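Chemist: Here is what each chain is made of, one letter per residue.
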Amino acid sequence: MKSKRILIIDDERSLLETLEMFLTEKGYAVQCALSAKEGLVQSSIFNPHVIILDIRLPDMNGLDVLQELIQNGKKNIIIITAFHDMDITIKAVKLGAFDYIPKPIDVEELERVI
Amino acid sequence: MDLRETLEKYHRRIVDEWIHRLHTEVSDRYCARPLDELFLTVSKANEANYAILIQNDFSKINDHIRWITNLRLQGGFSLSEVQNAYELYRTVLLPILPNELDEKNLLDTLNRMNYCLFYTITRFSNYFQSLHEKHIREYAQNLESEVEKRTKELIESESKYRILIEEINDGYFVIQNGIIVFANQAFCNMHGFTPKEIIGKPYIELIAPESLKKVTNVYEKVARGENTEDVLTYFRRHKSSVPLPTENKIKSIRYQGEYAVAGICRDITERIETERRIRESERLAHIGKLTTSLAHEIRNPLSSVKMNSQIILKNLKFRGNDKRRMEIIVNEISRLERILDEMLDFAKPIKLNLEPVSLNYAIDSCLEILEAKIREKKITVKKFYGKGLPSTLADRERLEQAIINILLNAIEVLSEGGQIEISTNLWRMENQVIKVEISDDGPGISLDDLPYVFDPFFSNKKKGTGLGLSNVKKVIEAHGGKVAALLRNPHGTQISLILPVREVK
Numbered sequence: 001m002k003s004k005r006i007l008i009i010d011d012e013r014s015l016l017e018t019l020e021m022f023l024t025e026k027g028y029a030v031q032c033a034l035s036a037k038e039g040l041v042q043s044s045i046f047n048p049h050v051i052i053l054d055i056r057l058p059d060m061n062g063l064d065v066l067q068e069l070i071q072n073g074k075k076n077i078i079i080i081t082a083f084h085d086m087d088i089t090i091k092a093v094k095l096g097a098f099d100y101i102p103k104p105i106d107v108e109e110l111e112r113v114i
Numbered sequence: 001m002d003l004r005e006t007l008e009k010y011h012r013r014i015v016d017e018w019i020h021r022l023h024t025e026v027s028d029r030y031c032a033r034p035l036d037e038l039f040l041t042v043s044k045a046n047e048a049n050y051a052i053l054i055q056n057d058f059s060k061i062n063d064h065i066r067w068i069t070n071l072r073l074q075g076g077f078s079l080s081e082v083q084n085a086y087e088l089y090r091t092v093l094l095p096i097l098p099n100e101l102d103e104k105n106l107l108d109t110l111n112r113m114n115y116c117l118f119y120t121i122t123r124f125s126n127y128f129q130s131l132h133e134k135h136i137r138e139y140a141q142n143l144e145s146e147v148e149k150r151t152k153e154l155i156e157s158e159s160k161y162r163i164l165i166e167e168i169n170d171g172y173f174v175i176q177n178g179i180i181v182f183a184n185q186a187f188c189n190m191h192g193f194t195p196k197e198i199i200g201k202p203y204i205e206l207i208a209p210e211s212l213k214k215v216t217n218v219y220e221k222v223a224r225g226e227n228t229e230d231v232l233t234y235f236r237r238h239k240s241s242v243p244l245p246t247e248n249k250i251k252s253i254r255y256q257g258e259y260a261v262a263g264i265c266r267d268i269t270e271r272i273e274t275e276r277r278i279r280e281s282e283r284l285a286h287i288g289k290l291t292t293s294l295a296h297e298i299r300n301p302l303s304s305v306k307m308n309s310q311i312i313l314k315n316l317k318f319r320g321n322d323k324r325r326m327e328i329i330v331n332e333i334s335r336l337e338r339i340l341d342e343m344l345d346f347a348k349p350i351k352l353n354l355e356p357v358s359l360n361y362a363i364d365s366c367l368e369i370l371e372a373k374i375r376e377k378k379i380t381v382k383k384f385y386g387k388g389l390p391s392t393l394a395d396r397e398r399l400e401q402a403i404i405n406i407l408l409n410a411i412e413v414l415s416e417g418g419q420i421e422i423s424t425n426l427w428r429m430e431n432q433v434i435k436v437e438i439s440d441d442g443p444g445i446s447l448d449d450l451p452y453v454f455d456p457f458f459s460n461k462k463k464g465t466g467l468g469l470s471n472v473k474k475v476i477e478a479h480g481g482k483v484a485a486l487l488r489n490p491h492g493t494q495i496s497l498i499l500p501v502r503e504v505k
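From first to last, the protein sequence lines are chains F and E. For the first sequence, counting from 1, position 52 maps to 52 in the working numbering; every step adds exactly one. For the second sequence, counting from 1, position 476 maps to 476 in the working numbering; every step adds exactly one.
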C-alpha cells in the first residue's frame with residue numbers, strides 16, 4: 001500500500017519533530033516545514049493528502065496561508081490553534097479548513113481526524 | 001397800665017405758657033425737644049417781640065429768625081411747625097391784654113402785635129425756604145458726586161472682573177436660550193474658535209456627540225432650578241471634532257436682565273492621563289503579584305516532571321524514537337523553566353548591588369558573551385564609545401543583563417549581514433548622565449506597537465515572554481535612569497538608555 005503523504009507546517013521545532021515521529025511510526029510519509037513560505041513551496045512539490053497547519057506563524061498570517069493552499073487546490077487541511085484563538089478558528093473553518101485541533105495536541109484525536 | 005408795664009409784669013407767665021404750649025400742642029418734634037432748649041428759644045423770641053412792640057426795634061427778631069431757622073432745619077422741622085411756634089405768642093398774649101389795657105391802647109397794641117407777627121412769619125418763611133432750597137441743592141450736588149463716585153467704583157470693579165475672567169486659564173461662558181452670549185479667551189482656545197466665531201453659536205455644537213445627552217440633561221435641570229451634581233465631566237467638541245475630556249460647573253444667573261446659565265469649564269486631559277497612568281501601574285503591580293504566584297505554582301510540579309524524566313532518560317533502554325522523545329521532553333521542560341525564571345525576575349523588586357561600573361567596559365563584556373550568536377549571523381557591530389566616561393555606581397550584573405536583552409532582541413530581528421551600532425556619551429544636563437544608544441537596521445517596530453515595547457508580556461516574537469524589554473526598563477529605572485525606543489530611518493530600532501552618573505567616592 002502506498003502510504004498517505006502528510007505535510008506539517010509549524011515553526012515550533014520540538015512540536016514538529018514530535019508530530020513527525022508519531023505520524024511516521026503510524027506509517028505516513030511525513031514532510032515538515034518551519035515557515036509558511038517553506039510550507040507553500042513544499043505543498044506544491046510534495047503534493048500531500050493532508051496538511052497540518054499551525055495558524056500562527058511568524059512570517060505570514062495563517063489565514064492567508066490557508067487561503068493560498070485552498071486556492072492551489074489543496075484539501076484536507078487541518079489547522080492547529082491555540083485555545084484562545086476561537087475567532088481565527090471559526091474564520092479558518094469558514095475559509096474551508098477540514099478540521100481543527102486545539103493545543104495542546106491530543107495525538108489520538110489527531111490520528112482520528114487524519 | 002401801658003403795654004410796657006403789662007409785658008414786664010406778665011413776662012414770666014408769657015414765657016412759661018409759651019413753652020408749655022410749644023411742648024404739648026404744636027408737634028411731636030417740639031414735644032421731643034428738651035425744656036432747657038425751649039426756654040432759651042422762647043425767651044429770646046419774647047425779648048425780640050418786646051423790642052418790636054416797645055422800641056420798634058426789628059434787629060433782635062432778625063437775629064432770632066436766622067438762628068432759629070438754622071437750628072430747626074437741622075432738626076428736620078417743617079416750615080408750618082415753626083410758624084405755629086411763633087404764632088403761639090398771640091395765643092398766650094391775647095387773654096392778658098384786655099384786662100390790663102384800655103380800649104385805645106388795646107386796639108393799637110393788637111395792630112402792632114399783628115404786624116409784628118406778620119413781619120416775623122413772613123421773614124421767617126422766606127428765610128426758611130431759601131435756606132431749605134440751599135440745603136436741597138447741596139444735597140442734590142452731593143448726590144450727583146456720590147453717584148459719580150459709585151459709578152467709577154462700579155466700572156473699576158467690572159474691569160477688575162473682566163480682567164480676571166479674561167486672564168484665567170479656565171474657560172468662562174454664559175449661555176442664554178442655548179446660545180453662547182459670552183465666552184472668555186480660555187474658553188475659545190479650549191474649543192479652537194475665535195471669540196467672534198464662538199459668540200452666537202449654539203452650545204450643543206461644542207459638546208461631543210457621546211456626551212450630548214448627559215450635558216443637556218444637566219442643563220435642563222439647572223434651567224428648572226433643580227440642584228445638580230457639583231461638577232459635570234464630559235467630552236467637549238473641539239473645532240477639529242476631536243472629543244476632549246472636560247470638567248464643567250454651571251450655575252443659573254441673570255445676564256442683562258434675563259435668565260441665563262454661566263459656567264466655568266476646565267480641560268482635564270492631563271488629569272485623566274495621570275489617573276490612567278496610576279491605574280496602569282496598579283494593574284502592573286497586580287500582574288506582578290499574579291505572575292509570581294503563578295510561576296511558583298507551575299515551577300514545583302515542573303521540577304518533579306523534569307527530575308523523573310531525566311531519571312528515565314538515564315536508566316531505560318529505548319526503542320526507536322522513544323529516546324528522542326524523552327530528550328525533547330527534558331529540553332522543553334528546561335525551556336519552561338527559563339520562562340518561569342524570567343517571569344519571577346520581572347515580578348521581583350529590584351535590589352541593586354552597587355559597584356563602580358565602566359559602561360564601555362560592561363558593553364564590551366556583553367558583546368563577548370554574545371559573540372557566537374553575532375558571528376553566526378554575520379552581524380557587524382559598530383562602536384562609538386565616548387571618551388573619558390566616568391565610572392558610575394551601578395549594579396553591574398543587572399546592567400549587563402539589560403544590555404544583553406537589548407542586544408539579543410537586535411540579533412534576533414536582524415537577518416544575516418545586519419548591523420548593530422552602539423554609542424555611549426556623557427551628557428551634562430542638570431546632572432551628569434551617560435546616554436547609551438543601541439540601534440539595529442532590522443525591520444523595526446510598527447508605530448502602533450512602539451508605545452508598548454517596554455510593557456510586560458508585550459511581545460511580537462513567537463517564543464518571547466514579553467519580559468525582556470520590560471526588565472530593561474525596570475533595571476534602568478531602578479538606577480534612576482530612563483529608557484526610550486525610537487524608529488530609525490529607513491528602518492530599524494533604536495533603544496536608548498539614560499543613566500545618571502553616581503560618582504564613585
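Possibly wrong hints are sitting among the right ones.
To be verified - From chain F, some residues computed to sit far from chain E (all C-beta separations above 10 Å):
#1 17
#2 21
#3 25
#4 46
#5 87
#6 94
#7 102
#8 103
Unchecked claim - Part of the chain F face toward chain E, derived, beta carbon under 10 Å:
#9 14
#10 15
#11 18
#12 24
#13 28
The hints are simulated quantities; they were obtained by calculation from the structure and are not laboratory data. Being a predicted model, the structure only gives us computed values, none of them experimental. C-beta: ideal position from N, C-alpha, C; glycine also.
Chemist: All hints, please: hold or fail.
Modeler: Taking the hints in turn, this is what the structure says about them:
| no. | hint | verdict |
| --- | --- | --- |
| 1 | 17 | violated, 6 Å |
| 2 | 21 | violated, 4 Å |
| 3 | 25 | violated, 7 Å |
| 4 | 46 | holds, 21 Å |
| 5 | 87 | holds, 19 Å |
| 6 | 94 | holds, 25 Å |
| 7 | 102 | holds, 17 Å |
| 8 | 103 | holds, 13 Å |
| 9 | 14 | holds, 5 Å |
| 10 | 15 | holds, 9 Å |
| 11 | 18 | holds, 6 Å |
| 12 | 24 | holds, 8 Å |
| 13 | 28 | violated, 14 Å |
Violated hints for the displayed structure, listed by number in ascending order: 1, 2, 3, 13.
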